[in-house]
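Undergrad: Here are the chains, one letter per residue:
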Amino acid sequence: MSDNVLFKVNNVSKFFPGTKALQGVSMDIKKGEIVGLVGENGAGKSTLLKILIGVQPPSNGSMEMRGRKYAPKKPREGNKMGVGMVFQEQSLVSNLTVGQNIFFGEEKKFLKGGFVNWRAMYQKASKVLGDVGITNIKPETKIKDLNFARRQMVEISKVLNAARASSEENSLILLDEPTSVLSDAEIQTLFTEIRKLKNEGHSIIFVSHRLDEIMEISDRVYVFKDGYRVGELERDDVTENKLYELMVGRSSTGEYFKIADQSDPQEDVVLEVDNIGLTGRFKDVSFKLHKGEILGFCGVVGSGKEDVCSILSGDIAPSRGRIKFEGKDVKFSEPHDALKKGILSVPKERREEGILGLLSILENITIANLDAAKSGLLISKKKQQEISQHWIDTLNVKCTDYNEEVSSLSGGNAQKIVFARMLASDSKVLILNHPTRGVDVGAKEEIYELIREMANRGLSVILLGDTLDESIGLSNRIIVMKDGVITQEIDASKNNKPEQLDIIKHMM
Amino acid sequence: MSNATDLSIAEEFAARVKRENQRNRVTQIAPIIVLLVIIGIFGILNKDFISGTNFITILAQLSVPLIVSLGVTFVVLMGSIDLSVDGVMGLTAAVVSLLVANTKTAMDLGLMGIVITVLIGAAAGFVTGFIQVKAKIPSFMVSFGMSSVAAGIALITYSGIPATIQDSMFRGIALNKFLGIPILTWIAFVVFIIAYILQEYTPFGRYVYAIGDDESIPRQAGINVDRVKILAFTWSGLCIGLGGIIGSARLGRGTVLVGKGNLFPVMTAIVVGGTALSGGKGGVMNTLLGALIVTVLQNGLVLMGVDPYFQAAIQGIIIIIAVSLSVTRGRGTIMK
Amino acid sequence: GQQETGPKTVLAGVSIRSLSNPYYLSVEEGAKMFADSVDEDTIDVQLLVSDGSDEKELNNIKAAIARGGKDTILYVDPNNAPNAAAIAEICEEAGVYWMTVWSTAEGLHPRDYPHYVFHMSPDDQKSGHDIAVAMFDSFKTPGKGKILAIQGMLANSAAINRFKGLQKALSEYPGVELIDDQAGDWNPAKALEITETWLSTYGDIDGIWVANDSMALAVVEALRAKGLNGKVAVAGVDGIADAITAIQNGDMVATVSVNPWLQGGFGLALPYAAYKGYIDTTKMTEEQMMFNTAGLLVSTENIDDYVAGYIEGRPTFDFEDYWSIIYKAME
Amino acid sequence: MIKAFQKEGAIRKNFMDYISLFAIIILVAVFTIINKNFLSLFNIKNLLTDMGPLLVMGCGVTMVLLIGSIDLSIGSIASCASVIFAITLPHWGAMAYLWALAFGVVAGLINGIVYTRVKIPSFIATLGAMSVWQSVAYVISHGAPVQINLKLWNFINWSKIKFGFFPLVLIVALSIVAICYILLNYSKLGKYIYAIGANERGARMAGVRINFTKMMVFTVCGIGSAGMGILLSAKLKSGIPTVGEPFTLMAVAAVALGGTALSGGKGGVLGTIIGVAVVTIINNGMQVVGVDTFWQQVVFGFIVILAVYLTVDRSSRHLSIK
Ligand SMILES: Nc1ncnc2c1ncn2[C@@H]1O[C@H](COP(=O)(O)OP(=O)(O)OP(=O)(O)O)[C@@H](O)[C@H]1O
Ligand SMILES: Nc1ncnc2c1ncn2[C@@H]1O[C@H](COP(=O)(O)OP(=O)(O)OP(=O)(O)O)[C@@H](O)[C@H]1O
Ligand SMILES: [Mg+2]
Ligand SMILES: [Mg+2]
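Chains as they are written, first to last, in the numbering used here: chain C, 36 to 543; chain Y, -2 to 333; chain Z, 1026 to 1356; chain A, 114 to 435.
If you are wondering where the hints come from, they were derived from the structure by calculation, not from laboratory data. On a predicted model such as this, the values are computed, not experimentally measured, just so you know. All C-beta atoms, glycine included, are put in the ideal place defined by N, C-alpha and C.
Simulated coverage check for chain Z against chain A, where a stretch passes if three residues somewhere in it have a Cβ under 8 Å from a Cβ of chain A:
1. 1072 to 1080
2. 1089 to 1095
3. 1103 to 1111
Straight-line C-alpha distance at most 25 Å; calculated SDA-like pairs for lysine to any residue:
4. C/Lys409 / A/Leu302
5. C/Lys177 / Y/Thr330
6. Z/Lys1081 / A/Ser272
7. A/Lys264 / Z/Glu1117
8. Y/Lys278 / C/Leu181
9. Y/Lys133 / A/Phe415
10. A/Lys232 / C/Ser129
11. Y/Lys44 / Z/Glu1202
12. C/Lys376 / A/Leu302
13. C/Lys177 / Y/Val324
14. A/Lys273 / Z/Glu1117
15. C/Lys375 / A/Leu302
16. C/Lys409 / A/Ile292
17. Y/Lys131 / A/Leu140
18. C/Lys179 / Y/Ser275
19. C/Lys409 / A/Met328
20. Z/Lys1081 / A/Ile157
21. Y/Lys278 / C/Asn182
22. Y/Lys333 / C/Ser442
23. Y/Lys15 / C/Thr170
24. C/Lys143 / Y/Glu197
25. C/Lys173 / Y/Asn21
26. C/Lys375 / A/Arg314
27. C/Lys463 / A/Arg314
28. Y/Lys101 / Z/Tyr1335
29. C/Lys409 / A/Lys301
30. C/Lys179 / Y/Leu322
31. A/Lys301 / C/Leu412
32. C/Lys144 / Y/Ile194
33. C/Lys416 / A/Lys301
34. A/Lys275 / Z/Glu1117
If we strip away everything but chain C, and leave its shape as in the complex, we get (with noise of 0.2 Å):
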């Protein structure tokens, strides 16, 4: 039986100042097995992949790789001892090449006579992305060029490679919430993949949010909770409910989206969309948002929902149409402005425009409305207090205190603190792009519960489903996109739910 474990860890803990973000965990890791990975936000899966991977030494505990002491000090020794890792935040360097960055760090490989080999470098970064079914991705281009699905892709045949050259015998790839950014299609490529390595030996640790996914590739599945390992589940005893009872420790509701407290929208229209279109991106785009609605948005990369999202936040001008807002016509030259109106939107890219890292939760929750923290002319550090805890409570994040620094959250709470910026900034339509990436399930039901809230209150909503289901699920009525225009508009209402085909069938 031990001479099947490839990886082992025995009692790792890890402590930061004030959190113990894993304790005592012990895990085996078979050859040729794919482990899924769950866990609420924080639960600490980043914390091990990354001692794993020896971004950070456990704080307690040991590793074994192929029955051999495994401690790096570095990810570099780790790749060595045949261990390869794809972030859950972006790894790839955005000025180089895709090329200098699959082989970024292996570049004397390619040295001839003192200097790099770039043809040669090229050539052999073809055959990588080729191996991983890549072919439209040149790899001349620079990664800042391509959008970050297919950036996904390249980091994922980077570690793929790396792992596949380290050694000829079976190597442990880790793989931290790899499909938050891919479409469908693209997860499906990754999964062919991971099965593929699978068969050639290799063992993967897969992370990943989507319960679904977990159990379609994994053999095997370890839950964490707090940082503890709470439970391990084979294959065939993996079921949705049961993931989800370890997870939260209490059982699923089951109506996942709410779908029972979906109220009808109002008459009123708070937003009215007519003609607006973006040169080369979209055009021809008309839609009224009415008071208390939640309008879906659906499309694949491309369709152009997202450059609707950015010019109603403001972030751009529209190259033609009107917007009105409660009837009267408005021009947005940055956010602030549609912010002023009432419209604050959940940015997609978390780290890159959501979270204020430097500062303090209680800065990052209050800032959009800060007048709501004055008394008198002053900010009052009182009120913001109050108002960040509360929506501390309220959305259950994980933190030491209110002053904690959000780059210190894990990535799920570092989007509920975006999450409780916008709800505590008092707008009237609020536009969630991918509200719930990299959002754990349990919290993505407090999530929901809350936009359910807030559209009974009267708010309206535009949404941007991190799945079909959650669109389908929340929206009273759904806007397909395809090309830049509007192919349907579908009924979503509470007894009218449509099926993913019959959207997906105008978005393709």
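Given chain C, work out where chains Y, Z and A with the ligands should sit, using these hints.
TA: For chains Y, Z and A with the ligands alone, kept in the frame of chain C given last:
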């Protein structure tokens, strides 16, 4: 929806991409355009500006700022800054004058003296980089301190009365020509080629760009970021040192004043060429153009006898115009 | 005056602009010559360098007074003339005897401040004028030719006055034409570049007037690169050693030696005398309080005498006889 | 003041503040041991007075650094303001203060406009402005220092008033620090400043007024620089077209010494008091203990590096040190 609309969005997209590419191309060549426009204007206003003699003069004047800014470029590419230019140039100018044949000391090390002094420059850069990395102090502050320390040491080495250089080989760097071009210009070209190779054909060059883009990524990838940083500062110090040496060869005296007032022209050359201070963008090619712009501008203003009161203002405005043409401002670009 | 209570350590602050011009080191040398000549007290010479900043000069002086207390005397070369007014206030308040060289604030007079002992100045305008004249006379056709000029730092008193001297000389010599002038900021490297550029366009100039010797030497180097040294006349001010050598070699034609040793030595001798109570500053005559010191024009004519007296040997002074310098200066 | 420090602890760790103060204590102790006169009443007065101008300039610079930008025109704005003050004083009397400050507003605003509208890095926008204002200072002063006539000294004599050993100049400077402190910590503008410094893109998406805030920040910095020019004029009794030049890098260095991150988002004006104090103490102390002039620059450089080692804020692991 009709096929026509689909097509037109696609067409629009293509047109847009084309326009953006055009604009990008313009920003990329903006420094060249600016340079040509400046040359054109000076050429029209003063017939002596475009002449063989002045061409040689500009090449000679270009050398020191070019060499120094080629060094500092690597530091800027990492998003750091090197303010030690004035001090370290002063130091090497003073030291080299005492090591080659001179009126103050009995030394006569010739070429060896130059090599030692170049190493002193590199050592100063090394120390700056080392302290920045190990003590985790912003390079702005370390190099600010280093400039002061180096200038102080320079004064101490010659105790205030500068040496006059008597080594004719050393003076030859400034006084002699090879193929009609001053030797110091050849040196600058060699440094340029080395810098270009460093940037384009070595892992070091890639790491410098990566650090400028986002330091945490190469760190995570297991690159020894600290070592790369120290190396970049060492290279910077080496070039600054060489600049000081050539400055003193030109002047024939080893005074700390050789370094004075070089920092801002050097930084201007780097930035006007299109290298971003935030790091990760630009490079030695840009710096070559930037150094040319700065040198030509300075040369032309003096040549035309522009009132010294106004020279600064004219330079300032041209710098702003030049950079405003060469800066890329994509959606969501952040200007610091 | 001060009561004598046995030997003390007296702090002699010498406030100057920079260490990068050797002229100032000769001033310090003169100050030390004076310090060595005093037996009653120990005199501790401290250089205060302003690096061209009026504010730093003021702060340095205050710090020096904090160090030496009432036992401080000061030699002040004001970074800019008006700064003397601010220094006057501070020294008066602190009860510290001081003096100024080169420039003093307009309307400021030693008579109005008991502790402001005196002001002496080589006449900058005269220096600028004299080297110009010496240069003009050295031309192939004396008094006829084209010249260029490199000024000091813009806005700096000495630079302004020396340039005024040049303009005066030009008005006396209508045959000489000033083609262009630029600011060299007292920086030799800058002077070098300016000259190089000039040489691309002005082929047939006869002379370059330069506001100080450090820059003049750089101008010589720029000429040397074109083989023009010795052919184009160069003149500067300060009389630093290398400039003297350049005159000997024929690379330069003139400089003005302002006798920095005398400045530094006597500059301190009088404030010290006042501090000791040997003189009563309120009873000094107008000439004793404010006078010009004669600069010594060094040119090819008198270079050998100068070398013998000032370079190979150092001048000697009798610092006890402080009045003599004044009357010598009046000559 | 200590209390105020603790309040800022939300942003900076308390511990760090004490470490910064520690740097001052070490410096003072060393200088005093070498020469007890360092702590004489006279010299304490010197230290406190000398801090004033740099502190006023430092306040504006702090804000600029907090948004992650830089202003290199501060020195020449100060020079220009100093000349404007000295030139207008004879004609306008006390109004001269307003003219000089108004110039600061205009100069700062222009920086802000060029920076945000032309969309070029602040380093360049202000580098250009530095040259332009330097020229303007030369031109309006006709290239010579403008002395303030003795008869007009009554307009500037307030700068010599002291309450005991506490100079009025410093009180003015500290009031400005206090205003900036309130602005930074208890106003929208201040919150926006920190947000922009922490993550400009994120701040924009959160509805922070980016361009307006930047413009205000540069305007404040312009006012502070002009204020410094005026204080220098009052101190030196003249308007000097080069007076601000040495302060360009010095002010940035002093603010950074005070723990404000050059990359923005971290720090504050209270730290700037410490930074300015450190710089002032080093410069003054070296003279008071009589460090050999040839060694002064060396010693200065060393102490600056040492002091910044003690004061720099490394509390955030996400603050990359560039
Ligand atoms: N360097 C650090 N310093 C302090 N606390 C940290 C650090 N890294 C992680 N933490 C904390 O450790 C806990 C576990 O974080 P981790 O990133 O492992 O969560 P996760 O399971 O990956 O969550 P998510 O699904 O949201 O990504 C969190 O409370 C986080 O705030
Ligand atoms: N034709 C195109 N070629 C390249 N990039 C494009 C194209 N169209 C859009 N993009 C870029 O791709 C990114 C995503 O586009 P879009 O707004 O359609 O995403 P999306 O459909 O919301 O993606 P997701 O499925 O992740 O939600 C944007 O940054 C956009 O600028
Ligand atoms: Mg995670
Ligand atoms: Mg008197």
